[in-house]
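J.: Make one complex out of these two single chains by using the hints.
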Amino acid sequence: MSSGKVASVLGLFDTSDALMEAIPKVKGKNLGRLEAYTPYPIHGIDEALGLRRSPLGGMVLVMGILGAITAFGFEFWVSAVDYPLVTGGKAPWSWEAFIPIMFEVTVLFATFTAGLGMMILLNKLPFFGHPVLASDAIKAITRDRFALSIEAEGEGFDAEAARAALAAAGATGIETLPAPDETPAFTAEYLLRSAGGIFIACVLAGLATYGAVKLFPVLPPMSHMEDQPKLDAQKPDAFFKDGFGMRMPVPGTVARGYLPLGVASEDAAASLVNPLAPTPAVLAEGRRLFQIRCAVCHGPLADGTPSLTSAYGAKPADLQAQRVRDFPDGKIFWVITMGKNAMPSHAADLTVDQRWAIVYYVRALQRAQNATDAEAKEAGAR
Amino acid sequence: MRQSDRTPTLLRGTLLLGVLAVAAAYREVPPSRFWANWLLWFILFFTVALGSLFLVALEHLVNAKWSVPVRRVPERLATLLIPACLMGLVAFAALPVLFPGTRPAALHDPQLAGKAFWLSIPFVSLRALVVFGLVLTGLAVLVGGSLRQDATRDPAFNVRARKFAPAFMAMFALSITLVAFDWISALTPAWYSDIFGVYLFAGAFLGGLAATSLAVLHLKAQGRLEGVRRDHLYNLGGFLFAFTVFWSYIGFAQYLLMWYANLPDEVVYFQARLAGGWHAVTILLAVLHFVMPFFALITRDAKGDGARLRRVAVLMLAAHVLDMYWLIFPALGGGPRLGWPEVGFALCFLSLALLWVRGALQKGEDMPVGDPFLQEGLEFRL
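These protein sequences, in sequence, are chains A and B. For any residue, its number in this note's numbering is found by taking its place in the first sequence, counting from 1, and adding 243. For any residue, its number in this note's numbering is found by taking its place in the second sequence, counting from 1, and adding 758.
Hints are computed from structural coordinates only; laboratory data are not their basis. Values in this document were obtained by computation on a predicted structure and should not be read as measured data. Check the hints yourself; a few may be wrong.
Claimed, not checked - In silico lysine to aspartate or glutamate, EDC-like type, Cα no more than 20 Å apart, as pairs:
#1 B:Lys873 x B:Asp940
#2 B:Lys823 x B:Glu1137
#3 B:Lys873 x B:Asp1023
#4 A:Lys333 x B:Glu1024
#5 A:Lys333 x B:Asp1023
#6 B:Lys873 x B:Glu1024
So that you can see chain B by itself, here it is in the shape it has in the complex (with noise of 0.2 Å):
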């Protein structure tokens, strides 16, 4: 206990460094490289926790039963969007200084003088507005409600959500390509594809399995999700394996089509990450974010391996952060940049994400206790 007492004065620490990095890199490097720190760490703060909720969203569209006991966990993570949407709003800074379709120039550019008004800042601002109030009403319903469930053990919420789940998905579907075509694609505007919105959802999703799971491990080795099982554990590690062969399909599928056609609008895209040192983050990032969860995870017996998910998911996350990195950076031009804004930057957003997520495992009950499907959820074998 001891050891847990002091984690957050460590946290506050690290934060309060962080801090320090962040404000000096507001006036040390250029606004560029800034705030394109400042949108990795929105974007990943958004990705994981939408994630989340999404993971909470389908166990009530599908009624599932088996993820009852784990259900809170994904709740708890997917109040992180309330900080992700602040951070969504300070990134509106960025919006003239990272993205060239905000830019007057842009309305003489013949290839963005169509999207002109769809990328100026203020329609790019009120979309963004939209799909921060169809998240947080998502994380309203679904987390609030079942929140509030404990205490009132109605049985009327979980119709009401399984209700709402499915208009949820059409939310999330937009708000999710919403964010990866204006604040992703959006770097290099005259680029497009279609199916990057789901390669970004193939991406959040990982993100949100590997932190539940992380976190579910957590609570379990503390003793606070009694019942849990090693059939629980095993879901969550098939949902891993399986998203880390969907994430590969979605990448690969993008790159081919665009390998094959070679068109030069399109083909920008790619050659800029396969370029320099950009070659080896990609081949990187193919390995981390497929190759070694996929080989890890392959086994009947791994999936259900407490100790080897936790590595997974760890690796896991770190993946969906070097994915962002690639997805974000290049678009300064140049090489892959990592020096101390950018550790400075993930010090403080790390230990804010730790720091939130621990206060919230702190509140409330550990379990949907008033769910009515606990029961059979605990009871749930393979």
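One chain only, chain A, in its complex shape (with noise of 0.2 Å):
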């Protein structure tokens, strides 16, 4: 596993006080960057071995203000520029809601920053091993002696004069730490390893998922509001003696839009007036509803030949013969209603005034169909 290289020289002292007399010591000689083990924090230490400050305060700070402006301007574009929508009354800026976003935001990056910022940034996590660990000092370093190193930096690293000064500074052992191979951590066969573990990880917790549907199938997470003691439409309930969960309507209940006719028979319809006005709006509605509902089978012309015909074989009527032209309004009102032959009713589908509008529409197919020369150039020069 060595490369031959050293990492650091380690001085082993019997007391802190030692380790601290120790230190300005061998500082002095700068053969390289000093590091301290020991089993408890030491006070002082850190201005002893001339640490530098932690950057990560200011890191902190730098990514909380900006998460506090990242909350704010999404918030302000959401809210006040994208889509400004009132809610509870307030202006679509009101920097007041705004707070607990801009609070909660700031946090998280700024905790996001100090942990992954110490951990990978600082610390340069992650790695497999650091040569203390591996060191026969180690055991003592985490019990009750305490350790000065002599961490080795670039080439020009004299690991028997570091030796030399530890001694000098009163160390009562000295270890020469060997470098760890300089493979990188994330080798190919590292990333492949990974990859195969996360993938039979997520497998069996996929098969585990199944297994546990599979063998609870129907265990409702939550079952609130899912029985209401209530009439449902459409479904049986014993409330009722007929077991009915819906009502009939109370007889010679009449719903709006849907007034009886008054009249018995398709003769007798044939004295109905249409009891709207022909405007440019119900003659409109007239031709929205037509050809919705009469425009599949009569065609949209009204003359009999639309595609359905072809394709069941049905013969409807056609609209415009003479026979059908010189019925009276109420008569065409008639069939609508009551169907004719294979037409079957519209009652249930059209109130009554939208029957009566297709009548005007149905008219007006027939007059524009059948016009003469004189009416085509006026309806033209219009």
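T.: Have a look at this one:
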């Protein structure tokens, strides 16, 4: 494993005072960066070693402020620029409502910076092992000895001079630590193994979930509001004697827009008069409904030749026929209401007024298709 | 030394001037303004003293060691509770003047009818007496016991104080909440806020901390707190820093919920403080009580820097005065008032407070020499 290079030279001291006294002696020789390993924190050792102040605080401050600005900018853009929306009677731009989010995002950015900055940027994690952890001295260091190490930096490190300096400073034991292999942490093998491990974990989790769902198929996570003591539409219910959940209307009930006709036969219906005025709005509504309800069979021009005919072999009435053109309005209304031959009743789909609107439109179609030259000219002139 | 010999004479002079101004104010200005000033200084004395006593109790509660060398300072400041309670007794005369809930008309006000008994003079007075009894009991046990320990050197006091501290916390919570509700919130009795007691607690603790820091730095400058180092100052600074954030958090949380809900009986409180001249005072309060101390103390160096801590402590006390002024004076109606009566009251009671604290600082030992943890506290390092 060892590359023959030296990572550091470690000197052991019996007391913390001996360590503190040794630091200035070794430091003056400028052999390399100093590092101390002790079983417990020693006050003032940072200053003695000349460790620089951690930049983490500054990083956290900058990122925290950035978090506040990010949250503010995002909320301002969302609620005042991109989609201004009055909520609770407040103006879209209400800084008060932004504050909690700004606070949270500030904390989020700051804590992530603190955690990740400390681990990745400053402590340079992940690494698989530190040379000191593999040393003979590690047991003593974690128990009752105090170590001072001179860390090799670059090529010019003189391990022998470092050993001599530590000995001169009173170290009771000196150890030269070999540098670990300089293979990068993220080798192809490592990445492959990690990916394989993650894949296996995903498969296992998926199988476990599948098995759990199969074993316990109907365990609703929450059943609030699923069972309610109420009558459901279209469902049987024991509440009423007849066993139906829905009620019939009281006899004689008339739905809005569905007044009875007052006539009993097709011939009698001939006497009915269209109650609507032939305004553009009524004609437009008639055309809309005709195209929805009638054009499928009678054709968009009401001439009985739609595309459906070939498919079904049916022969819908040609409303442009002279016979139909001679029908009184009431008779067309009657047919829409009651149906005729294969045509079903449209009474359930169309209100009375809607049916009369369609009658107007049928009349308009008939007139348009059978216009005289003079009429066509007049219409074209308009 | 000559300068310090002259200071009490000077303070007595300003006190005399202040007393004359207060007497003149009693004759010249409307009673509501006189009693509002009286109430302001009663609340200021009470909160700073109780905040200091809370700090003492907190240290006993958590068995803190670092604070033992400086504990005598908040103990001495807590004796301000004695003049505060006397001022509170005088403030009973303010009840019919300032508090609408004490007037007979309250019985016929639909918003107050249900609270009339709670707000009536006998019940408010009774509660105030109970509160004064509770806090003076705390003072006698925690401060009196500590002073006696100087002579007896009996470590049993530490055990007693630690057992008493949890009970005192309950007494403290009740006291500060009742004072907040009865003497400040009741100025606008139709308005209510559950968190108001916590808001006053945050301000009171900050006031106590600021006064403690200032007095510690004062004694340290005179060489009377030998062994109190940067590490101790750092903890006081850290406390101060943390509680500026806590105060802002509580204050803003109270504002945000009322602003959002916009209920007529809640929002009036902030409407009064965001209208006219009070708007500027509100912004000034946020700047002085949060923005400035927050950024002044945010770095690690700042918290242990005596000179900066002194400036922030003075700022914090001024902000606390402004905070209490902001709580009490809008109830008088109209804009913020700052005339000769306010200056006279400030002169009178500031002189009184300084004289009292000076006297307290001259009596007994500067550190709790009988506390067995004193040495451990002196050896405290961050």
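J.: All the hints need checking, so say for each whether the structure fits it.
T.: Right, here's what the structure says about each hint:
1. B:Lys873 x B:Asp940: The given pair, whose Cα atoms are some 12 Å apart, holds under the 20 Å limit.
2. B:Lys823 x B:Glu1137: holds, 9 Å
3. B:Lys873 x B:Asp1023: holds, 15 Å
4. A:Lys333 x B:Glu1024: This hinted pair holds, its Cα atoms lying about 16 Å apart.
5. A:Lys333 x B:Asp1023: holds, 18 Å
6. B:Lys873 x B:Glu1024: holds, 16 Å
Against the hints set out earlier in the document, no violation occurs for any number.
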